[in-house]
Structures are given as structure tokens and as C-alpha cells.
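J.: Below, each chain spelled out in residue letters.
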Amino acid sequence: MPEQILPFYVVCDQSYSMADHLDGLNGGLRELHRAVGTDPVVADKTRFCLIGFAGDARVLQPLCALSDIVTMVELEVSPATSFAAAFELLRTTVERDVERLKADGHRVYRPAVFFLSDGQPTDPAAWPAAYERLLDPDWPARPNIISFGIGDADETTIDRVGTVQAFMSHGGLSPSAALHEFARALTRSVVSSGEPLDDGDLVLRIPRQVTGFTALRIDQV
Amino acid sequence: MTVDTTWGDRGVFRPREVGPRAAAAEAPWRLGPFADVPDTVLDAGRVGALEVRAASTRGFAHRCDGDVRQDAVGLSAPAGRVVLAAVADGVGAATDAHHGARLAVRHALGYLAWAMPDGPLDGLLDAVDVAAAVHAADRAVGRAGPAPRHRSTTLTVAAVDVSPGAGGHAFRVARVGDSPAFVLAHGRFRALFDDVEGELHDPATDSLPAPAGPVERVAGVLAPGEALVLASDGVGVPLRETEAGAYLADAWAEPPGPVAFLHQLQFNVRSYDDDRTAAVIWAGSESA
Numbered sequence: 001m002p003e004q005i006l007p008f009y010v011v012c013d014q015s016y017s018m019a020d021h022l023d024g025l026n027g028g029l030r031e032l033h034r035a036v037g038t039d040p041v042v043a044d045k046t047r048f049c050l051i052g053f054a055g056d057a058r059v060l061q062p063l064c065a066l067s068d069i070v071t072m073v074e075l076e077v078s079p080a081t082s083f084a085a086a087f088e089l090l091r092t093t094v095e096r097d098v099e100r101l102k103a104d105g106h107r108v109y110r111p112a113v114f115f116l117s118d119g120q121p122t123d124p125a126a127w128p129a130a131y132e133r134l135l136d137p138d139w140p141a142r143p144n145i146i147s148f149g150i151g152d153a154d155e156t157t158i159d160r161v162g163t164v165q166a167f168m169s170h171g172g173l174s175p176s177a178a179l180h181e182f183a184r185a186l187t188r189s190v191v192s193s194g195e196p197l198d199d200g201d202l203v204l205r206i207p208r209q210v211t212g213f214t215a216l217r218i219d220q221v
Numbered sequence: 001m002t003v004d005t006t007w008g009d010r011g012v013f014r015p016r017e018v019g020p021r022a023a024a025a026e027a028p029w030r031l032g033p034f035a036d037v038p039d040t041v042l043d044a045g046r047v048g049a050l051e052v053r054a055a056s057t058r059g060f061a062h063r064c065d066g067d068v069r070q071d072a073v074g075l076s077a078p079a080g081r082v083v084l085a086a087v088a089d090g091v092g093a094a095t096d097a098h099h100g101a102r103l104a105v106r107h108a109l110g111y112l113a114w115a116m117p118d119g120p121l122d123g124l125l126d127a128v129d130v131a132a133a134v135h136a137a138d139r140a141v142g143r144a145g146p147a148p149r150h151r152s153t154t155l156t157v158a159a160v161d162v163s164p165g166a167g168g169h170a171f172r173v174a175r176v177g178d179s180p181a182f183v184l185a186h187g188r189f190r191a192l193f194d195d196v197e198g199e200l201h202d203p204a205t206d207s208l209p210a211p212a213g214p215v216e217r218v219a220g221v222l223a224p225g226e227a228l229v230l231a232s233d234g235v236g237v238p239l240r241e242t243e244a245g246a247y248l249a250d251a252w253a254e255p256p257g258p259v260a261f262l263h264q265l266q267f268n269v270r271s272y273d274d275d276r277t278a279a280v281i282w283a284g285s286e287s288a
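Line by line, the protein sequences give chains A and B.
UniProt numbering puts the first residue of the first sequence at 1, with every later residue one more than the last.
UniProt numbering puts the first residue of the second sequence at 1, with every later residue one more than the last.
This is chain A alone, in the form it adopts within the complex (with noise of 0.2 Å):
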């Protein structure tokens, strides 16, 4: 039976430099896959998809029903920074989940990323190309990305990332509400009638504030 599915994909910085904030996310991964247990609507209409990367990124958790899961993976430290290795492997497995669901006939939304990172990848040359090819105009299911600054970050990398809206942690606090937030926000926008803004894209009615983080960009819609 066709359902109407958004898929989001929780893009994790695993690497040394994230090693304080491990505790913490994983912690908060295993809060939202509570918090989505017992939010139905979310529940009915998400698939939720893992990624960790430091020097390389791999698929920690692939595409799923989070109500399907029993027990959450768990991140683990690891050397370098590769946000191509990210931004890559992003692209091959949202290629891939959507034309997945789309064959056993379901009416896939656009793609939601949440990017957690303390912003300080070891491939400063590299990953912008891998960035443009992962929002390349012509690929229709490029995602939205919604970045997240955790620890101490680098704000202009965090706020370069985000293409809807970018956060920057004020501490220690884990993202956890956060992301339960965005994805409970992001879900209801996309259940009724948008309005498109100039470009075609929709107004997604995302929070402003998250607690424990600052938002870059004040001018949302």
C-alpha cells in the first residue's frame, strides 16, 4: 500500500575531536528513538536512517521505521574528520533509499538531513565539491539540511552546511529535544498543503529556537 514517507537521515561526526560529546549523542539518539515511539504521526510518516563518519562514513543504521527498532546503534570515536566522506556517502544512500520507496510505490517527501558536527573537518579542500554534488539542483531529491554545532564549533562551517537553518550548541547539552523537535516539526509541515516560496521549494515550518542552541539565521519565513 502506498504510504507518504519522509525520510531523515541523522549524519553523526564521530571523531576524536567529538570525543566529550559521544556520551551525550548517543544518549540522545536513544531519546529520540523513545520520543518517536510515542509520537504516532511522526511515527507513521518517518523512516529514520544513521550515518556516522570521521575519516570515513559508513551506515551505522540504514532506512527504517524507528518503531521497527528494538536497541539504537551506538557511535564510536575514530580518527579524521571527512565531511566528502559524509557528503558522499549521503548522496549514494539517499539515491538509493528513495528510489527504493518509490519503486514499492510510495510518495517519498524530500529528504531531511540533520547535521551534527563540531565543524572541523580534516578535508577543508575537499568536501565543498562533495557538498555541491549532494545539493546539485538537478538531482530531485536533494535534501534539506538542518546543521547543528556541537561543543566547541566552528560556526561558519556549521552555518555553510545548514541549508534551511543552522544551530550552534550553547554547551554540553545533548541535541536530543532537538532533533525529536525537527523531526516532529518537519513531519507536520509536510502533512498538509505548503506554500512554495519563489524558488518551488516549500516553506518548511521549522523551530526558531531550540534549547541549549542559537540559530544562525533569524530571517526564516
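Treat the hints with care, as some may be off.
As the list claims (entries may be wrong) - What follows is a set of in silico ranges between Cβ atoms, one per label pair, in the way DEER data are often shown:
1. B:Glu26 x A:Ala129: 55 to 61 Å
2. A:Arg133 x B:Ala210: 34 to 40 Å
3. B:Gly213 x A:Arg100: 29 to 35 Å
What the hints assert, rightly or not - Partial list, computed: chain B residues near chain A (C-beta under 7 Å):
4. Ala61
5. Cys64
6. Glu199
Unchecked claim - A partial selection of chain A residues facing chain B, derived with a Cβ cut-off under 7 Å:
7. Pro2
8. Gln4
9. Lys45
10. Ala103
11. Arg107
12. Val108
13. Arg110
What the hints contain is simulated information worked out from the structure, not anything from laboratory work.
As the structure is a computational prediction, the values presented were derived from the model and not from experiment.
From the three backbone atoms N, C-alpha and C, an ideal C-beta is built for every residue, glycine too.
Given chain A, work out where chain B should sit, using these hints.
T.: Using the frame of chain A, we list chain B on its own:
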């Protein structure tokens, strides 16, 4: 006396499942925030050989969140000569979308009643300008205060001639936005407007006030036994994409009782949790 459990006589509201069940459909309802916008409105009537049903009801998402119903529906039959119906779907992202939808319906129907020509007239529908009604609604929604975008809504308006002509009852439909219209004939829904689906499912739609595109129009004739259906996409999309289409085609082959109509509209299929609104006008067989 037997108790019919399908109707919730035992305290359980149980709409028909036409696919995998929605978890949101099983969550407790929360009251909406505004006393003057109830969960559901229901209307029904008969005008000449035309049987009419309309309902607008919150989807599973708005019920479960305690949000206001953003759809609106209206029926009228000025002087018993024409049946008018309007469906509006307030744009989800707009804060006063429910006001926009209600204003659009009220002003579209009000305009047509006001503009109705006096006296007998052949080809009555030539004088009933449904596109002008959409424009009148557009002005009303736009002028209802500052920040008109917060009242964004779709609007689909239909007029059906009560007097049958050659082949049946002439009808006209006009719209802005993606609220669909169908003719139900021989067990199938035929879409009257072309709603193109892109590579991804994009809920963006044109809307009042100040729509980007022109008012779309369709004219046709409703043969005896056929029905004209206006809907919000909360009904139109699952009707097109899922088993809900076959279910409703069967349920609406003949005009159901008003309460049955409301029940049918709330079919349960996972992920289709938007507000559900439809206005259906059946051309009675005896008008042949």
C-alpha cells in the same frame, strides 16, 4: 437490540481500515484550540434530483495534536435552481489558515448567491460565474487584515444546474490550488484537473490570496447516476493513490446517509493523516 460496534457504540471510534493502520488514528483525540471551529462539520440535503453530502473533519494528525481543522466546506442552493459547493484547504504553514479557508468558502458561496440572475433562464450556468466567485473569495481573504499570507488557502468551487438538460445536469468547477475535483462514474473517479506529481512528493500549492497562477476551470455534464466530488487533498490523494479510492467508489455508488458519509470519509490508512473534506453531488437516476 444489537450494538453496532463499527459505529463506536462501545466507546471506540473505528473507521474502516483500507491499508496498514495509522498509529495516529488510534491516539486519543485532543480538542482543538478554537470553540468555533469544531472537529467536524456535516451537511446534507436534496435539491430536485440532486442529492448532496458534505463533511469536513480533522485528520488524525490534527486530532492527535489538538490542532485546529484547516479545511472548510460549504453548500448552498440559492432559490433551489443551482447547487453550490466549495472546499478550501488552509495551507499548513500559515498560522491563520483555518480563517482563510472559512472566509474563502463563505465569500465564494455568498458571491454566487448574490450574483444569481433572477427569473427563468436557459443555460443558467452561463450566468453563474464560478471563477468570479474564486476572485471574490480572493479579495475577501486578502482584505481580512494584515499579513494576508497567514491566511493562505486553496479554494475549489462548483455549481450544478438543478434542472437537467440534454445528458444530465450541467456543472462548472473553478479552483486555485491543489484541492481536486472528480466525477465518480461507473465505479471510478475521473479527475477533472491535472495534478501533476513530480519526482518527489511536494505539498507546495498555489493559494489565495493573490494566487501566482490563473483560476483553473472545468465544465461538464453530470449524467444520471454520476456524482461530482470536490475534496481536499487529505481525501483526494489517498483516493488516487491507495485502496481508499476503490472503497469510496463503492461507498459512494449511491448517496449514503449523512452519518455514513462522515464515517466513510475517515478511512484509516497509514501516513494519510491530513484533514478530510469532501462535498459530493449525485445526479439522481430519475432525472433521466
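J.: Against each hint, give a clear statement of whether it holds in the structure.
T.: Structure-based check of all given hints:
Distance hint check for B:Glu26 and A:Ala129: the Cβ-Cβ separation is about 47 Å, which falls outside the suggested range of 55 to 61 Å. Distance hint check for A:Arg133 and B:Ala210: the Cβ-Cβ separation is about 37 Å, which falls inside the suggested range of 34 to 40 Å. Take B:Gly213 and A:Arg100: their Cβ atoms lie about 34 Å apart, and the range 29 to 35 Å holds. For B:Ala61, the interface hint holds, since its Cβ comes within 7 Å of a Cβ in chain A; the closest pair sits about 5 Å apart.
The criterion of a C-beta within 7 Å of any C-beta in chain A is met by B:Cys64, whose closest approach is roughly 6 Å, and the hint holds. A cut of 7 Å between beta carbons decides the hint on B:Glu199: the least distance to chain A is about 3 Å, and the hint holds. Look at A:Pro2: its Cβ gets to within about 5 Å of chain B, closer than 7 Å, so that hint holds up. Checking A:Gln4 against chain B: minimum C-beta separation of about 4 Å stays under 7 Å; hint holds.
The interface hint given for A:Lys45 holds, since its Cβ lies 5 Å from the closest Cβ of chain B, which is under the 7 Å cut-off. At about 13 Å, the closest approach between the beta carbon of A:Ala103 and any beta carbon in chain B exceeds 7 Å, and the interface hint on this residue is violated. Taking 7 Å as the C-beta cut-off, the interface hint given for A:Arg107 holds, the closest approach to chain B being about 4 Å. For the restraint placing A:Val108 at the interface with chain B, the shortest Cβ-Cβ distance is roughly 6 Å, inside the 7 Å limit, so the hint holds.
The interface hint given for A:Arg110 is met, as the beta carbon of that residue sits about 5 Å from the closest beta carbon of chain B, less than 7 Å.
Against the hints set out earlier in the document, violations occur for numbers 1, 10.
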